[in-house]
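Colleague: Here is what each chain is made of, one letter per residue.
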Amino acid sequence: MEKVDNQWLRSLTALNPETVIQLASQLAKDWKVSYEAIPQKGLSLLQLQDSVFKEPYYLGEIPLSTAQVRLENADGQSYQGGVQVMSDLPDFATSLAICDAIFSNELIGCEQVAELIDRGRAIRQEEDRLRGAMLAKTRVDFSLLDGE
Amino acid sequence: MLQVDLPLIWQDEIQQQIFRQLLSCTSLPGTIADLSIHLGKSTALIGVLATFLDNTVTLHDIDGLVRDSDRRFLSSPNAPLSEARFIVADAAIPPTPDFNPNLGTLDSPEFGATVILAGQQVGSGELNLNLTGPGIPTQGRKQGLKMSLMGFHQDWFVRRQELVSNFPLGIDLILVDAVRVTVIPRTTQLI
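The listed protein sequences correspond, in order, to chains W and S. To convert, note that position 68 of the first sequence is 67 in numbering that gives the first Met the number 0; the numbers rise steadily by one, no gaps. To convert, note that position 64 of the second sequence is 63 in numbering that gives the first Met the number 0; the numbers rise steadily by one, no gaps.
Careful: at least some of the hints might be erroneous.
FRET-style restraints, in silico, Cβ to Cβ [to be verified]: (1) S/GLN153 - W/PRO62: 48 to 56 Å; (2) W/ARG9 - S/GLY122: 51 to 59 Å; (3) W/ASN15 - S/LEU27: 46 to 54 Å; (4) S/LEU105 - W/TYR57: 29 to 37 Å; (5) S/PRO108 - W/PRO89: 37 to 45 Å; (6) W/ARG9 - S/LEU27: 52 to 60 Å; (7) S/LEU105 - W/SER77: 49 to 57 Å; (8) W/VAL139 - S/ASP11: 51 to 59 Å; (9) S/PRO76 - W/ASN104: 24 to 32 Å; (10) W/GLN21 - S/GLU125: 58 to 66 Å; (11) S/GLY122 - W/PRO62: 42 to 50 Å; (12) S/ASP4 - W/LEU88: 14 to 22 Å; (13) S/LEU5 - W/ASN104: 15 to 23 Å; (14) W/LEU88 - S/LYS40: 24 to 32 Å.
Simulated from the structure, these hints should not be mistaken for lab results. Note that this is a predicted model, so its numbers are computed, not measured. By construction, the Cβ of each residue, glycine as well, lies at the ideal position given by its N, Cα and C atoms.
Based on the sequences and whatever the hints tell you, model everything.
Modeller: Next comes the structure, spelled out in structure tokens:
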């Protein structure tokens with residue numbers, strides 16, 4: 000199984016959230032799932048740095064959810080997962096956190112999570128290709144100006 | 000359907016119900032609220048903290064009464080005693096001579112600390128306090144409203160008198176046992 004490291008969350012968020020929630024619900028049935036911190040859902044200010052003066056500014060508000068979960072089995076073994084995601088859909092962050100715990104610890108069901116990641120990655124790659132093509136069309140060639 | 004355990008006291012609806020009870024206790028000092036139906040396996044101390052604290056409200060836990068797992072849920076930053084908005088202490092241990100919490104300022108007396116004392120029993124015990132002041136009915140009582148406590152060191156109330164002597168500066172006290180809570184705001188006099 001191929002690991003995708005930091006891209007797994009970007010890939011899963013490319014999918015319909017309901018697909019992820021359904022898989023997490025199914026996988027969670029084999030575990031006692033509890034929160035490790037209060038799941039949060041709301042708006043957050045996104046801070047960026049302007050490219051001229053290199054000073055921070057707030058671009059605007061983004062929806063943000065966080066969830067940190069613990070999966071525990073009958074033998075007392077426990078595994079943790081957590082996410083911060085730009086979404087305010089109920090249960091989505093929790094579902095992603097469950098997927099994180101299962102995928103990063105290679106627990107039963109990690110193949111199903113990996114399959115979803117592959118599907119999401121394909122969607123993201125297509126998005127990136129389209130955006131790349133759009134960006135290429137905006138490129139301006141100033142080379143003719145040099146000749147004058 | 001996603002099933003994830005979240006203890007009662009960390010749920011919004013329960014915190015709102017506890018807040019309502021604490022508001023009532025603060026308005027009517029000496030009133031004792033039983034929080035047991037809201038607490039599940041938690042204590043009144045954690046129930047009160049869960050209701051009042053978040054990641055913007057600082058906490059100083061003098062005697063380490065709050066477990067790490069609860070601290071994670073509270074996500075409240077630590078602060079030194081003199082700066083913390085909320086202070087938690089074991090009521091059986093008397094305050095140290097350097098117990099100097101934030102009393103607020105004349106411009107902003109609301110920044111005075113809230114001190115939560117965790118003792119054995121609220122409502123019965125060997126220590127008797129007589130409360131007078133706003134929100135306390137005095138009709139027919141010469142000595143104010145009597146409140147009994149167990150496992151609360153008397154020095155806490157001596158020190159509290161010193162700290163509220165320059166009203167409106169001062170501290171507010173919340174007294175808890177395992178499941179009950181009462182509030183002694185700075186407007187209350189102990190006689």
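Colleague: Run through the hints listed earlier and report the numbers of any the structure violates, in increasing order.
Modeller: Checked against the structure, no hint fails, so every one of them is satisfied.
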